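Following the hints, position chain B against chain A.
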Amino acid sequence: MTAEQGGWDGPEPDRLYVITRGRSGPSGPGVFDLVTLIVSLDEPTPAHQPEHAAILRLCRSPLSVAEVSAYLELPVSVVTVLLADLLDDGLIEARSAAVPAAELPDRALLEAVIHGLQRL
Amino acid sequence: MDFNGSDTVVGPTGADLLPDTVTTAVKVVVVGGFGVGKTTLVSAVSEIRPLTTEETMTQAGVGVDDPTGVEQKTSTTVAMDFGRISISDRLVLYVFGTPGQERFWFLWNGLFEGALGAVVLVDTRRLEVSFEVIGRLEERGVPFVVAVNGFPEAPSVPLDELRSALDLPPEVPIVACDARSRESSRDTLMTLMHYLYELAAPPATG
Numbered sequence: 000m001t002a003e004q005g006g007w008d009g010p011e012p013d014r015l016y017v018i019t020r021g022r023s024g025p026s027g028p029g030v031f032d033l034v035t036l037i038v039s040l041d042e043p044t045p046a047h048q049p050e051h052a053a054i055l056r057l058c059r060s061p062l063s064v065a066e067v068s069a070y071l072e073l074p075v076s077v078v079t080v081l082l083a084d085l086l087d088d089g090l091i092e093a094r095s096a097a098v099p100a101a102e103l104p105d106r107a108l109l110e111a112v113i114h115g116l117q118r119l
Numbered sequence: 000m001d002f003n004g005s006d007t008v009v010g011p012t013g014a015d016l017l018p019d020t021v022t023t024a025v026k027v028v029v030v031g032g033f034g035v036g037k038t039t040l041v042s043a044v045s046e047i048r049p050l051t052t053e054e055t056m057t058q059a060g061v062g063v064d065d066p067t068g069v070e071q072k073t074s075t076t077v078a079m080d081f082g083r084i085s086i087s088d089r090l091v092l093y094v095f096g097t098p099g100q101e102r103f104w105f106l107w108n109g110l111f112e113g114a115l116g117a118v119v120l121v122d123t124r125r126l127e128v129s130f131e132v133i134g135r136l137e138e139r140g141v142p143f144v145v146a147v148n149g150f151p152e153a154p155s156v157p158l159d160e161l162r163s164a165l166d167l168p169p170e171v172p173i174v175a176c177d178a179r180s181r182e183s184s185r186d187t188l189m190t191l192m193h194y195l196y197e198l199a200a201p202p203a204t205g
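From first to last, the protein sequence lines stand for chains A and B.
Using numbering that gives the first Met the number 0, the letters of the first sequence map in sequence onto residues 0 to 119.
Using numbering that gives the first Met the number 0, the letters of the second sequence map in sequence onto residues 0 to 205.
Isolated chain A (complex conformation) (with noise of 0.2 angstroms):
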C-alpha cells in the first residue's frame, strides 16, 4: 500500500458499511483522537464480531486509535465506531490525548519531548 496516493485501494465502501452496521463515525474529532491510546480490559469471546476481536487482541499492550486502523487496514471513522462499541460494553480503556483541541500544549509537556528526543 502506497501512502501518498487515495483512490479505492481500501475495503470497498459496502464492506465498512456491513461492519460497522451502518453506522458512521464521528463527524468532527470526538472521544477518539487519533493518538487516543486503547487498551484492552478483556479478551475477546466467540461472541464478538470479528472486527470487535481482533481489536480487544490487538491491544492488550496500548495502541493508538491510528494504529488500530492502520493494523486493521480499516479507515479511522471506522476503527472509531467499533471502539466506541468496545467502550460502551467497558471492554477497553481509552486514555485520552494530551492535548484538548484547540488549546496550547503546557511547557511540562513540551519539556517532557523536548528531553525525549535529545535521548533519539
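Each hint should be verified, as a subset may be incorrect.
[Unchecked claim] Here chain B is said to cover these stretches of chain A; the calculated rule only asks that three of the stretch's residues, wherever they fall, bring their Cβ under 8 angstroms from a Cβ of chain B: (1) 39-46; (2) 84-92; (3) 105-119.
[Claimed, not checked] Some chain A residues close to chain B (C-beta under 7 angstroms, calculated; not the full set): (4) VAL34; (5) SER63; (6) SER68.
Don't read these hints as lab results, they were simulated from the structure.
Small disclaimer: the values here were computed from a predicted structure and weren't measured.
No residue lacks a Cβ here, since even glycine has one placed at the ideal position from N, Cα and C.
Leaving out everything else, chain B in the frame of chain A:
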C-alpha cells in the same frame, strides 16, 4: 486489503509493543507537497516501521474536477504514513505525514486538532505548494516551523531569502533539514518543540 477476520491481523510484536505504563500520547504533523520527503522524515525518526492509516472522506466541496476511476463514488480514501517515538515510559509522540493531495489535508477531521504543531517541509523547487499550506495552517491557528529539505539537485537558497519568499512572520523558525538523517529530522522536531515552548503560556502559579 480486505479485512479477513481477527485471526489474520498481525499486530505489533517485541520492541514495537508499548509498555502498559504509557498513559499519554501527543502528535505532530509533517506537511508538504508530493515527494518532498515527509515519509522519509517520518521513517528517519520513528522507532517503528512507519505504518499507514487511512480515512474515508466525501468529495463534496473538495473541488475534484476529474474523479478518474471513481465514477459514482461519493467518497475517497486518503492514506497517511506515521511513525512513533517513545519519549518516556509514560509519554509517546506520533509523527504523521500528510498525504500527497493537498486538498485533503484539512478535511481530515482530527488530524490537526490536538496536534502540538506542524512541520512544513519545503522543496525549493516547488515553493508554491508551501504557500497554500502555510496559509491554511495560519488560518487554523496551528503553530508551525519551516524545514527546507536539502535535495542535492534543488537550488540552494539562503534561508533569509526563503523566509521573505514564503512571507513568513519573523517569529516562525526556518531551518535546513536532511530528511534522510535521523539527527537532522530529530533536530527539526526539536526546533518545533522549542518554538512551541516559547509560545506556551508559563505555568500558572499556585
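These are the hints, each one checked on the structure:
| no. | hint | in the structure |
| --- | --- | --- |
| 1 | 39-46 | violated (count 1) |
| 2 | 84-92 | violated (count 0) |
| 3 | 105-119 | holds (count 14) |
| 4 | VAL34 | holds, 4 angstroms |
| 5 | SER63 | holds, 6 angstroms |
| 6 | SER68 | holds, 4 angstroms |
Checked against the numbered hints given earlier, the structure breaks hints 1 and 2 and satisfies all the rest.
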